[in-house]
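Read top to bottom, the protein sequences are chains A and B. Residue numbers for the first sequence follow full-length UniProt numbering, so the first one is 1 and each next one is one higher. Residue numbers for the second sequence follow full-length UniProt numbering, so the first one is 1 and each next one is one higher.
Fair warning: there could be bad hints in the mix.
As the list makes no split between identical chains, a pair holds if one copy fits it or if it spans any two.
As the list claims (entries may be wrong) - Here are the simulated DSBU-like cross-link-like pairs (lysine-lysine), alpha carbons at most 35 Å apart as the crow flies: (1) K64 x K245; (2) K256 x K101; (3) K64 x K101; (4) K251 x K176; (5) K82 x K176; (6) K176 x K101; (7) K64 x K251; (8) K251 x K206; (9) K176 x K293; (10) K50 x K293.
These are computed hints drawn from the structure, not numbers from a lab. All of these numbers come straight from a predicted model, not from anything done at the bench.
There are 2 protein chains.
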Amino acid sequence: MLTRPERCWTLTEDDILALEIGAAILGTGGGGNPYIGKLRARQALRDGHKLRVVSLQALPDDAKVVSLGGIGAPLVSFERIKEGREGLRCVRALEERLGFKADAIACEEIGGQNAMEPLIVASLAGIPVVDCDGMGRAFPEMQMSTYSIYGHRSTPSVMCDPHGNVVIFDHAISEKWHERMARACVIAQGGASTLASAPMSGAFLKRFAVPNSYTRAVALGRAVMEARRNHADPIAAICEMEQGKLIHTGKIVDLKRHLRGGFVTGEAIIEGFDAYQGETGSVLIQNENLVFKRDGQVEVVVPDLIIILDIDGGEAITTEMLRYGQRVAVLAVPCHPLLRTSEALEVIGPRGFGFDDIVYRPFGADVVRNQRAGDE
Amino acid sequence: MLTRPERCWTLTEDDILALEIGAAILGTGGGGNPYIGKLRARQALRDGHKLRVVSLQALPDDAKVVSLGGIGAPLVSFERIKEGREGLRCVRALEERLGFKADAIACEEIGGQNAMEPLIVASLAGIPVVDCDGMGRAFPEMQMSTYSIYGHRSTPSVMCDPHGNVVIFDHAISEKWHERMARACVIAQGGASTLASAPMSGAFLKRFAVPNSYTRAVALGRAVMEARRNHADPIAAICEMEQGKLIHTGKIVDLKRHLRGGFVTGEAIIEGFDAYQGETGSVLIQNENLVFKRDGQVEVVVPDLIIILDIDGGEAITTEMLRYGQRVAVLAVPCHPLLRTSEALEVIGPRGFGFDDIVYRPFGADVVRNQRAGDE
Numbered sequence: 001m002l003t004r005p006e007r008c009w010t011l012t013e014d015d016i017l018a019l020e021i022g023a024a025i026l027g028t029g030g031g032g033n034p035y036i037g038k039l040r041a042r043q044a045l046r047d048g049h050k051l052r053v054v055s056l057q058a059l060p061d062d063a064k065v066v067s068l069g070g071i072g073a074p075l076v077s078f079e080r081i082k083e084g085r086e087g088l089r090c091v092r093a094l095e096e097r098l099g100f101k102a103d104a105i106a107c108e109e110i111g112g113q114n115a116m117e118p119l120i121v122a123s124l125a126g127i128p129v130v131d132c133d134g135m136g137r138a139f140p141e142m143q144m145s146t147y148s149i150y151g152h153r154s155t156p157s158v159m160c161d162p163h164g165n166v167v168i169f170d171h172a173i174s175e176k177w178h179e180r181m182a183r184a185c186v187i188a189q190g191g192a193s194t195l196a197s198a199p200m201s202g203a204f205l206k207r208f209a210v211p212n213s214y215t216r217a218v219a220l221g222r223a224v225m226e227a228r229r230n231h232a233d234p235i236a237a238i239c240e241m242e243q244g245k246l247i248h249t250g251k252i253v254d255l256k257r258h259l260r261g262g263f264v265t266g267e268a269i270i271e272g273f274d275a276y277q278g279e280t281g282s283v284l285i286q287n288e289n290l291v292f293k294r295d296g297q298v299e300v301v302v303p304d305l306i307i308i309l310d311i312d313g314g315e316a317i318t319t320e321m322l323r324y325g326q327r328v329a330v331l332a333v334p335c336h337p338l339l340r341t342s343e344a345l346e347v348i349g350p351r352g353f354g355f356d357d358i359v360y361r362p363f364g365a366d367v368v369r370n371q372r373a374g375d376e
Numbered sequence: 001m002l003t004r005p006e007r008c009w010t011l012t013e014d015d016i017l018a019l020e021i022g023a024a025i026l027g028t029g030g031g032g033n034p035y036i037g038k039l040r041a042r043q044a045l046r047d048g049h050k051l052r053v054v055s056l057q058a059l060p061d062d063a064k065v066v067s068l069g070g071i072g073a074p075l076v077s078f079e080r081i082k083e084g085r086e087g088l089r090c091v092r093a094l095e096e097r098l099g100f101k102a103d104a105i106a107c108e109e110i111g112g113q114n115a116m117e118p119l120i121v122a123s124l125a126g127i128p129v130v131d132c133d134g135m136g137r138a139f140p141e142m143q144m145s146t147y148s149i150y151g152h153r154s155t156p157s158v159m160c161d162p163h164g165n166v167v168i169f170d171h172a173i174s175e176k177w178h179e180r181m182a183r184a185c186v187i188a189q190g191g192a193s194t195l196a197s198a199p200m201s202g203a204f205l206k207r208f209a210v211p212n213s214y215t216r217a218v219a220l221g222r223a224v225m226e227a228r229r230n231h232a233d234p235i236a237a238i239c240e241m242e243q244g245k246l247i248h249t250g251k252i253v254d255l256k257r258h259l260r261g262g263f264v265t266g267e268a269i270i271e272g273f274d275a276y277q278g279e280t281g282s283v284l285i286q287n288e289n290l291v292f293k294r295d296g297q298v299e300v301v302v303p304d305l306i307i308i309l310d311i312d313g314g315e316a317i318t319t320e321m322l323r324y325g326q327r328v329a330v331l332a333v334p335c336h337p338l339l340r341t342s343e344a345l346e347v348i349g350p351r352g353f354g355f356d357d358i359v360y361r362p363f364g365a366d367v368v369r370n371q372r373a374g375d376e
């Protein structure tokens with residue numbers, strides 16, 4: 001069905017390395033470390049599979065596209081390597097349940113380790129991945145994708161674990177209920193499974209997916225690699241690629257972090273230095289970096305991207321890897337417009353994470369205007 | 001397919017009342033209170049549905065029989081009344097998943113409230129319930145049925161909750177894994193759902209089901225009602241019906257009870273009176289009454305039935321209703337031979353409940369021989 005190979009792009013090992021870096025940055029502190037996924041994707045390549053990415057434009061309107069990703073605790077999937085064919089089993093069981101054939105695979109979230117899983121599954125199934133995702137970053141729950149927000153019902157879905165168990169969430173009365181049941185089930189399965197959702201049409205994806213996700217993440221990774229090679233500043237390279245801004249540099253002087261309801265929550269206090277000397281930044285965390293405050297004033301809020309990087313190498317630091325004394329840079333990147341509509345903000349705005357007293361103001365225009373000279 | 005109506009028996013409102021009493025006694029402290037189920041079964045009758053029970057003998061070998069029951073915390077299902085058609089939705093979804101038509105419904109456990117659910121579902125579906133069950137009593141987990149023990153694979157199964165969510169456990173690598181995943185999911189669904197398992201054949205049930213469960217529970221209830229009406233001893237009536245023995249009478253003088261892993265666990269200490277003056281009985285509990293000791297010596301062990309009754313009225317007391325100061329009678333009833341094989345004891349013997357130091361000795365022969373005159 002996908003007959004325009006010129007719109008298909010085949011990933012190389014180098015692309016996978018770049019994707020690992022880009023996906024980690026777009027994870028905004030969450031989404032898990034893509035390292036193991038990189039190894040698995042590379043192995044798929046070396047085994048002779050093709051990692052093909054097809055552009056949204058090249059996707060026929062009536063294509064049937066299955067989105068999938070890992071579900072569970074990123075740390076578990078880092079320590080207990082997947083059996084490897086969970087995702088393919090999900091797709092096959094879904095095809096059998098609904099009596100269709102998947103034309104392509106879509107990515108749920110490009111941030112973190114879930115950037116890799118769709119590529120691996122698609123390569124095993126011999127179909128391409130669509131160059132898009134449902135978040136343009138990482139979020140902790142399934143209903144937080146543009147697919148769900150803009151009306152796709154993700155059930156029937158199939159969840160497979162490394163042991164061989166197969167669960168079909170045949171009907172959920174809401175996307176939130178789907179998340180709730182799947183979350184309970186993945187914990188029973190050991191904490192790291194794979195879930196494939198009911199197929200979407202090409203036409204739906206063209207309207208409601210965040211486009212060019214793989215292109216973007218690979219280019220981002222390449223820019224960082226390039227800057228490192230040239231002894232240039234990787235943080236400046238990221239800002240340029242992502243229309244982002246460096247909003248703070250400093251040292252982590254206090255870190256509150258606890259597990260609550262399966263999430264890492266807390267706050268990192270970052271005492272400024274260089275251009276930010278005398279200013280105290282703080283980042284509120286729930287798996288991802290959600291709110292950036294300067295001297296107690298909210299400056300950047302989810303769904304805009306708040307990225308914490310090691311100040312020297314420009315590596316993304318996931319929330320569970322934050323440590324007292326780390327010297328970090330904080331970047332803000334505007335989220336995709338699909339995440340800024342009122343429907344989207346209901347789900348992934350500050351209220352969606354329990355920050356009832358914070359009003360979302362899009363990062364970009366005014367912040368850039370008020371920026372001080374020292375920022376760049 | 002079930003063409004021999006002479007082997008079908010249609011329950012009356014009176015039968016339902018008797019079943020409530022009998023099922024509570026066979027619950028051996030667990031299985032939940034059948035009161036709400038009784039009301040729902042009676043309502044089905046009054047709505048014009050038929051509650052038909054077909055004997056195992058009358059069941060064609062190739063009949064397709066779906067076993068089902070409530071899953072979750074008995075207390076929840078007592079406080080939050082079911083929506084009512086969960087079980088029917090389970091059967092319909094299972095039929096659709098597997099492409100078959102159910103000929104009859106089987107009961108998973110005749111003890112407690114799960115005696116009622118199959119009747120209600122069958123009546124709504126217009127098919128009979130088979131006069132059998134998978135336990136001949138109550139047990140806390142799904143893999144503890146003779147169906148599972150003797151080789152039936154209960155997946156694909158369907159779980160429905162009162163909200164309208166439908167989950168298919170399409171494949172579990174073992175019966176224990178099925179239980180584990182379903183248990184996690186039912187908690188997420190609010191703690192009381194209904195689950196229907198993959199169909200069994202009539203031939204399988206004839207070999208491996210505990211037979212005559214409804215006949216037995218209704219007769220047991222009728223015997224108690226009759227004794228009460230005639231101011232006779234309902235406890236003696238139960239013992240006679242069930243080839244049981246009164247093994248202790250006394251007052252509860254100590255009660256340890258805590259929730260652990262979703263189960264009620266603990267111990268009731270019963271200081272003897274009457275013929276048992278000077279003897280201390282104790283009952284170890286995990287949802288059901290599992291072990292009876294006299295002065296520290298094990299006398300009766302699961303899977304044999306240990307039943308605690310109010311000494312005056314002969315009402316069964318569920319483990320969560322045990323109270324300090326209650327005056328109780330303890331009865332032992334031999335379990336069905338299908339529960340005494342080595343395969344069965346692996347799952348539902350003392351080791352299946354973590355009593356690794358207790359060896360199962362069948363209650364009956366020797367206990368009866370050593371019985372003292374005061375027992376009857």
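### Task
At 35 Å max between alpha carbons, let me know whether K82 reaches K176 within a copy, between copies, both or neither.
Both ways: K82 and K176 sit 26 Å apart in one copy and 22 Å across, limit 35 Å.
### Task
Up to 35 Å between alpha-carbons, please classify K176 paired with K293: within, between, both or neither.
Intra 29 Å, inter 49 Å, cutoff 35 Å: intra-copy only.
#### Entry: Identical-chain pair category, K64 with K101, by Cα at 35 Å
This pair counts as both: shortest intra-copy Cα distance 7 Å, inter-copy 31 Å.
### Intra- versus inter-copy proximity for K245 and K64 (alpha-carbon distance at most 35 Å)
neither (38 Å within a copy, 66 Å between copies)
### Task
If the cutoff is 35 Å on CA atoms, where do K176 and K101 land: within, between, both or neither? Let me know, please.
both (27 Å within a copy, 33 Å between copies)
### Status of K293 relative to K50 across identical chains (alpha carbons, at most 35 Å)
neither (44 Å within a copy, 67 Å between copies)
### Message
At most 35 Å between alpha carbons: which applies to K64 and K251, within, between, both or neither?
### Response
neither (48 Å within a copy, 68 Å between copies)
### Message
Reference check for the pair K251 and K206, CA-CA at most 35 Å: within, between, both, or neither?
### Response
Close neither inside one copy (42 Å) nor across copies (73 Å); limit 35 Å.
### Task
Give the relationship of K256 and K101 under a CA distance limit of 35 Å: within one copy only, between copies only, both, or neither.
neither (48 Å within a copy, 57 Å between copies)
### Query
Between copies, within a copy, both or neither: which fits K251 and K176 at Cα up to 35 Å?
neither (37 Å within a copy, 50 Å between copies)
The structure does not agree with the numbered hints 1, 2, 4, 7, 8 and 10 stated previously, though it agrees with the rest.
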